[in-house]
Amino acid sequence: MQSYSDTLFCLLQEVIPQHKLSRLIGKVAEAKTPWLKNYLINQAIRTYNIDLSIAEREHPEQYATFNDFFTRSLKPGARPTCSHANAIVSPADGILSQFGAINNEQFIQAKGQTYTTSRLLGNDDTLAAEFSGGSFATIYLSPRDYHRVHMPWAGKLLETRYIPGKLFSVNQATANGIPELFAKNERLICIFETSRGKIALILVGAMLVAGIETRWQNHYTPATQAHVKFSSQVMSFERAEEIGRFKFGSTVVLLFNESLTFSEQLASGDEILMGEGLTLAHHDELAKMEPLT
Numbered sequence: 024m025q026s027y028s029d030t031l032f033c034l035l036q037e038v039i040p041q042h043k044l045s046r047l048i049g050k051v052a053e054a055k056t057p058w059l060k061n062y063l064i065n066q067a068i069r070t071y072n073i074d075l076s077i078a079e080r081e082h083p084e085q086y087a088t089f090n091d092f093f094t095r096s097l098k099p100g101a102r103p104t105c106s107h108a109n110a111i112v113s114p115a116d117g118i119l120s121q122f123g124a125i126n127n128e129q130f131i132q133a134k135g136q137t138y139t140t141s142r143l144l145g146n147d148d149t150l151a152a153e154f155s156g157g158s159f160a161t162i163y164l165s166p167r168d169y170h171r172v173h174m175p176w177a178g179k180l181l182e183t184r185y186i187p188g189k190l191f192s193v194n195q196a197t198a199n200g201i202p203e204l205f206a207k208n209e210r211l212i213c214i215f216e217t218s219r220g221k222i223a224l225i226l227v228g229a230m231l232v233a234g235i236e237t238r239w240q241n242h243y244t245p246a247t248q249a250h251v252k253f254s255s256q257v258m259s260f261e262r263a264e265e266i267g268r269f270k271f272g273s274t275v276v277l278l279f280n281e282s283l284t285f286s287e288q289l290a291s292g293d294e295i296l297m298g299e300g301l302t303l304a305h306h307d308e309l310a311k312m313e314p315l316t
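First residue of the sequence shown: 24, per my numbering; consecutive thereafter.
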């Protein structure tokens, strides 16, 4: 049962002007005034205990804006890729909030909260059916985390679907208290063809995070073309290769149309780093897999 404060927090999310507030904060986050951006960066470092020693630029003065700081790159080797060549890896730093099987096209948002792949995928029942019986994983990126998103497994980008939506904050309180949270928020759905079948990588926006960028599109807004197919372009990415980034923090949801065996060392609520092993193929299918060409 939710606490009174958590319930009130969720109710406030419904009434505040989410997009206007996010746009206002976004303008401040893009400010290049040295004293302002340095102040914001230093406050964030103290508040969220951010470790800049692993960043390519270790000093606040080296960043052009607050957003430049939050989407910072890391030093080579700071996020080594799992040495097991057949491991699907985490696409981001964060909390592995939920993971497991997709049963009857439903999967877990939080304890007592489920939602459907169809709702998450923009009410596309045909696409959702492709992931029926597959697996999912949800990773929450907090403000202190590395905010770039990478490929969990090598693949080709087939299509993207940008779905404008709400900008509810994403945390344990809203996951517990707002039904179908990730299916309500703004999100970018990226569908990849891989040697293990289709993978959907969904970048979910949140309060103050109306900023999703990818390698193939600088910024997504409600004016962005909703559905883009890449049949005439070859957009291939290797395992652990960067594909996008968030401004501030949010959530990545992974859908696999393969039934996967997750590492026994993982549990809901664990911290995970980009590149760490997330899951292996079910049974002995790895021996049968052919490289994607």
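Source of the hints: derived by calculation from the structure; they are not laboratory data.
Do not take every clue at face value.
[Stated by the list, open to error] Estimated spans, in silico, between C-beta atoms of each pair:
#, residue 1, residue 2, range
1, Glu84, Val51, 12 to 22 angstroms
2, Asn61, Pro103, 43 to 53 angstroms
3, Glu81, Ala124, 20 to 30 angstroms
4, Trp58, Gln129, 44 to 54 angstroms
5, Val51, Glu261, 27 to 37 angstroms
6, Gly292, Arg238, 48 to 58 angstroms
7, Pro99, Ile68, 34 to 44 angstroms
8, Glu203, Ala290, 20 to 30 angstroms
9, Ala290, Ser106, 39 to 49 angstroms
10, Gly156, Glu84, 43 to 53 angstroms
11, Leu97, Ala290, 22 to 32 angstroms
12, Val51, Ser218, 23 to 33 angstroms
13, Pro57, Asn109, 25 to 35 angstroms
[Claimed, not checked] List of simulated lysine-lysine pairs, DSSO-like, C-alpha gap at most 27 angstroms:
#, residue 1, residue 2
14, Lys55, Lys98
15, Lys252, Lys221
16, Lys179, Lys252
We put the CB at the ideal spot given by N, CA and C, even for glycine.
Results of checking the hints against the structure:
About 18 angstroms separates the C-beta atoms of Glu84 and Val51, a value consistent with the hinted range of 12 to 22 angstroms. Taking the beta carbon of each, Asn61 and Pro103 are about 31 angstroms apart, not inside 43 to 53 angstroms as hinted. Range check, Glu81 to Ala124: about 42 angstroms between beta-carbon atoms, so the 20 to 30 angstroms window is missed. Between Trp58 and Gln129 the C-beta distance comes to about 50 angstroms, which sits within the given range of 44 to 54 angstroms.
Here the CB-CB span from Val51 to Glu261 is close to 36 angstroms, well matched to the stated 27 to 37 angstroms. At about 30 angstroms, the CB distance of Gly292 to Arg238 disagrees with the hint of 48 to 58 angstroms. For Pro99 and Ile68, the Cβ-Cβ distance of about 22 angstroms falls outside the hinted range of 34 to 44 angstroms, so the restraint is violated. At about 24 angstroms, the beta-carbon gap between Glu203 and Ala290 stays in the expected band of 20 to 30 angstroms.
Checked against the hint of 39 to 49 angstroms, the pair Ala290 and Ser106 fails, with Cβ atoms roughly 22 angstroms apart. At about 52 angstroms, the beta-carbon gap between Gly156 and Glu84 stays in the expected band of 43 to 53 angstroms. In this structure the supplied range 22 to 32 angstroms holds for Leu97 paired with Ala290, their Cβ-Cβ distance being about 26 angstroms. The given range of 23 to 33 angstroms is broken by Val51 and Ser218, whose C-beta atoms sit roughly 44 angstroms from each other.
Between Pro57 and Asn109 the C-beta distance comes to about 48 angstroms, which lies outside the given range of 25 to 35 angstroms. For the hint pairing Lys55 with Lys98, the CA-to-CA distance comes to about 24 angstroms; that is within 27 angstroms, so the pair holds. Between Lys252 and Lys221, the direct Cα distance comes to roughly 15 angstroms. Compliance with the 27 angstroms bound is thereby established for this hinted pair. Note on Lys179 and Lys252: the hinted pairing holds, with a Cα-Cα distance of about 12 angstroms set against a maximum of 27 angstroms.
The structure fails hints 2, 3, 6, 7, 9, 12 and 13 (numbered hints given earlier, in ascending order).
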